[in-house]
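Protein chains: 2
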Amino acid sequence: MKNFSIAKSRRLRSTPYTSRIEEQGVTAYTIYNHMLLPAAFGSIENSYHHLKEHVQIWDVAAERQVEISGKDSAELVQLMTCRDLSKSKDGRCYYCPIIDDNAGLINDPVVLRLNENKWWISIADTDVILFAKGLAIGNNFDVKIKEPNVDIFAVQGPKSFMLMEKVFGEKITKLKFFGFDYFDFGGAKHLIAQSGWSKQGGYEIYVENTEAGLKLYDHLFEIGKEFNVKPGCPNLIERIESGLLSHGNDMDNGDNPYECGFDKYINIDNDINFLGKEKLKEIKLQGIKKKLMGVKLDIDKISITGSLDLTDQDSNVIGELRSACYSPHFKKVIGIAMMKKSHWDIDQDLKVKINGDICSGKVCDLPFI
Amino acid sequence: MKNFSIAKSRRLRSTPYTSRIEEQGVTAYTIYNHMLLPAAFGSIENSYHHLKEHVQIWDVAAERQVEISGKDSAELVQLMTCRDLSKSKDGRCYYCPIIDDNAGLINDPVVLRLNENKWWISIADTDVILFAKGLAIGNNFDVKIKEPNVDIFAVQGPKSFMLMEKVFGEKITKLKFFGFDYFDFGGAKHLIAQSGWSKQGGYEIYVENTEAGLKLYDHLFEIGKEFNVKPGCPNLIERIESGLLSHGNDMDNGDNPYECGFDKYINIDNDINFLGKEKLKEIKLQGIKKKLMGVKLDIDKISITGSLDLTDQDSNVIGELRSACYSPHFKKVIGIAMMKKSHWDIDQDLKVKINGDICSGKVCDLPFI
Numbered sequence: 001m002k003n004f005s006i007a008k009s010r011r012l013r014s015t016p017y018t019s020r021i022e023e024q025g026v027t028a029y030t031i032y033n034h035m036l037l038p039a040a041f042g043s044i045e046n047s048y049h050h051l052k053e054h055v056q057i058w059d060v061a062a063e064r065q066v067e068i069s070g071k072d073s074a075e076l077v078q079l080m081t082c083r084d085l086s087k088s089k090d091g092r093c094y095y096c097p098i099i100d101d102n103a104g105l106i107n108d109p110v111v112l113r114l115n116e117n118k119w120w121i122s123i124a125d126t127d128v129i130l131f132a133k134g135l136a137i138g139n140n141f142d143v144k145i146k147e148p149n150v151d152i153f154a155v156q157g158p159k160s161f162m163l164m165e166k167v168f169g170e171k172i173t174k175l176k177f178f179g180f181d182y183f184d185f186g187g188a189k190h191l192i193a194q195s196g197w198s199k200q201g202g203y204e205i206y207v208e209n210t211e212a213g214l215k216l217y218d219h220l221f222e223i224g225k226e227f228n229v230k231p232g233c234p235n236l237i238e239r240i241e242s243g244l245l246s247h248g249n250d251m252d253n254g255d256n257p258y259e260c261g262f263d264k265y266i267n268i269d270n271d272i273n274f275l276g277k278e279k280l281k282e283i284k285l286q287g288i289k290k291k292l293m294g295v296k297l298d299i300d301k302i303s304i305t306g307s308l309d310l311t312d313q314d315s316n317v318i319g320e321l322r323s324a325c326y327s328p329h330f331k332k333v334i335g336i337a338m339m340k341k342s343h344w345d346i347d348q349d350l351k352v353k354i355n356g357d358i359c360s361g362k363v364c365d366l367p368f369i
Numbered sequence: 001m002k003n004f005s006i007a008k009s010r011r012l013r014s015t016p017y018t019s020r021i022e023e024q025g026v027t028a029y030t031i032y033n034h035m036l037l038p039a040a041f042g043s044i045e046n047s048y049h050h051l052k053e054h055v056q057i058w059d060v061a062a063e064r065q066v067e068i069s070g071k072d073s074a075e076l077v078q079l080m081t082c083r084d085l086s087k088s089k090d091g092r093c094y095y096c097p098i099i100d101d102n103a104g105l106i107n108d109p110v111v112l113r114l115n116e117n118k119w120w121i122s123i124a125d126t127d128v129i130l131f132a133k134g135l136a137i138g139n140n141f142d143v144k145i146k147e148p149n150v151d152i153f154a155v156q157g158p159k160s161f162m163l164m165e166k167v168f169g170e171k172i173t174k175l176k177f178f179g180f181d182y183f184d185f186g187g188a189k190h191l192i193a194q195s196g197w198s199k200q201g202g203y204e205i206y207v208e209n210t211e212a213g214l215k216l217y218d219h220l221f222e223i224g225k226e227f228n229v230k231p232g233c234p235n236l237i238e239r240i241e242s243g244l245l246s247h248g249n250d251m252d253n254g255d256n257p258y259e260c261g262f263d264k265y266i267n268i269d270n271d272i273n274f275l276g277k278e279k280l281k282e283i284k285l286q287g288i289k290k291k292l293m294g295v296k297l298d299i300d301k302i303s304i305t306g307s308l309d310l311t312d313q314d315s316n317v318i319g320e321l322r323s324a325c326y327s328p329h330f331k332k333v334i335g336i337a338m339m340k341k342s343h344w345d346i347d348q349d350l351k352v353k354i355n356g357d358i359c360s361g362k363v364c365d366l367p368f369i
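For the protein sequence lines, the chains are A and B, in the order given. If you're matching positions, the first sequence starts at 1 in our numbering and goes up one per residue. If you're matching positions, the second sequence starts at 1 in our numbering and goes up one per residue.
Hints are computed from structural coordinates only; laboratory data are not their basis. Careful, some of the hints might be misleading.
Since copy identity is lost for identical chains, a pair holds within one copy or between any two.
[Stated by the list, open to error] Distance condition first, Cα-Cα at most 27 Å in a straight line; then the derived DSSO-like pairs of lysine-lysine: (1) Lys277 <-> Lys71; (2) Lys144 <-> Lys277; (3) Lys215 <-> Lys230; (4) Lys144 <-> Lys289; (5) Lys291 <-> Lys166; (6) Lys341 <-> Lys71; (7) Lys362 <-> Lys166; (8) Lys281 <-> Lys146; (9) Lys331 <-> Lys2; (10) Lys176 <-> Lys362; (11) Lys146 <-> Lys284; (12) Lys2 <-> Lys215; (13) Lys340 <-> Lys87; (14) Lys174 <-> Lys332; (15) Lys340 <-> Lys146; (16) Lys176 <-> Lys215; (17) Lys291 <-> Lys146; (18) Lys279 <-> Lys332; (19) Lys281 <-> Lys144; (20) Lys144 <-> Lys118; (21) Lys176 <-> Lys144.
Model, not experiment: these values are computed from the prediction.
Please model the complete structure; the sequences and the hints are all you need to start from.
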């Protein structure tokens, strides 16, 4: 595929780490929440192998926070998600589909409960802050809504635990998955969660004090040499192999959470109040007609810039391929597709036309690994 | 400045014209409303000269529409903007600042009144649809809100009038600035407005029938040879010289409409109901403390990727440069800056540090030309 430059401007905001990653060899960007998000440091496949063995530091400041605080904050956050947050605890992260009144997905953030009256919604790439403001104004809620000055960087990969222990001591290894706490470095306190956009393990550092965050960023590279630390970014191959969904790529406002396999994050059976609840009950009763599944294609490269139709032997459309990459693990192309109900059987044959050539493949379960 | 590639994916949506502009020589993209927006076809300066003399066709499908229809649609649209729409007319476009309850700018769209109960909000780069949905749900409005299948392409430049007359006949030359009507081509009806992201004159074609739109796109290139038609895109130099503001670049949610010079689009003196009205009254009473102005710098190139501090002789910050380019007209760099009240005097001296070098310049009025 031909390469095109990104035309930078103030509207595509840089992060505090941008000048560093540009010295460290970033080669491609995507845009996420109106911000630069690194997409490659040279070969994505080399970076994938490194991520699965060692440790990487990622500039993911584009994961913006929507801060909701005040007396009615819990009510507003619950109104936006079909996941029951009534028993949520301080210091925990919750993966929460945000849906509209028609049950269409608006975002799939991780919600951090700082305390009962203060929440951070760590968003995927849509302006959830505008939805929250509209709802708060319309409902006359007593809340404050803002985008705080938080620029996350992530430490990901199997050696991230050793690297972070070297800085923060044993305490950080006690942090459970999706737990967060505050940790000191050089006199500054950072909120750190055990989380991240990979399945290789690691941490996300929610930097509020920019200068202190940059010192920590630099320090991790300095002391991380023994763990073969490298700069990196969310890796297309690793995230698809692991079945980590990406809002806007794999699902969007035209899909509901059942169709995305989010059943365990949907609570329609108790009395919590959220948008789209009646619609979700209806959908559950009628059953869904499409859902996200994996596909494996008998080819060794692909570049997806939009949906591709998947067809049966008679050229009837049976699904839509939305993300895909060559998987070094399976030695073929794998992808995430929205499949019609008639074609949910595992190992179902399918075809797809790519640049004029017909390729064959099969349906499979998610995650791949 | 170093070039970085854009990492394409389904989330950064292509337009119906993407494959055409890639054959026609697009070299850089920006992202706008989660969509590819061409930013350069080779030299921006060459394209600027061509735009001011001839005619260009632009893929601006990234100008997405938020369609608001139904009984309460006029009430909702008015609630979102400080511009009085009570006397608005069908078939007219209105430039409308959208603000939140704190009078911070959310977007600066052009609003098209299709009829009393159907409006299109042709948005800048924020998810206004989420704000509208939140407000509608919270207020229990009887409205439908959706992003319709509309992919705009624009015909811009002084010869756009002759080119469009050749296709649509004399009728289209009667269209007034910011007026729109429906015009036939090859059996398909297109909404066409006399509007666009340049001050060189022209039209925007709101394509609902994709196939018919592509035929018109191709036809315009075919018959436009006598007018020296070329592919193009919103031009950084032309838009800055003309003082066309860009939301996210020149102003954002931290600015109010008075600070952006939108006084004539603010109606706080009658009884229309919109968000932020009380706040605007307060701001007017107290007076603003910063506003957008022009600056001219005694240098011959610049590349802006974020705000740059403008300082006085004693290095006190007096403003913030937000957009800038080399202007062939003025033979120096010009830019758009948010200036502190103490430094609104025309011809006021200022300094700015760019890549370590101190450059000098002066404050001036907007627009430049």
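Of the numbered hints stated previously, which ones are contradicted by the structure, given in increasing order? 5, 6, 7, 10, 13, 14, 18 and 21
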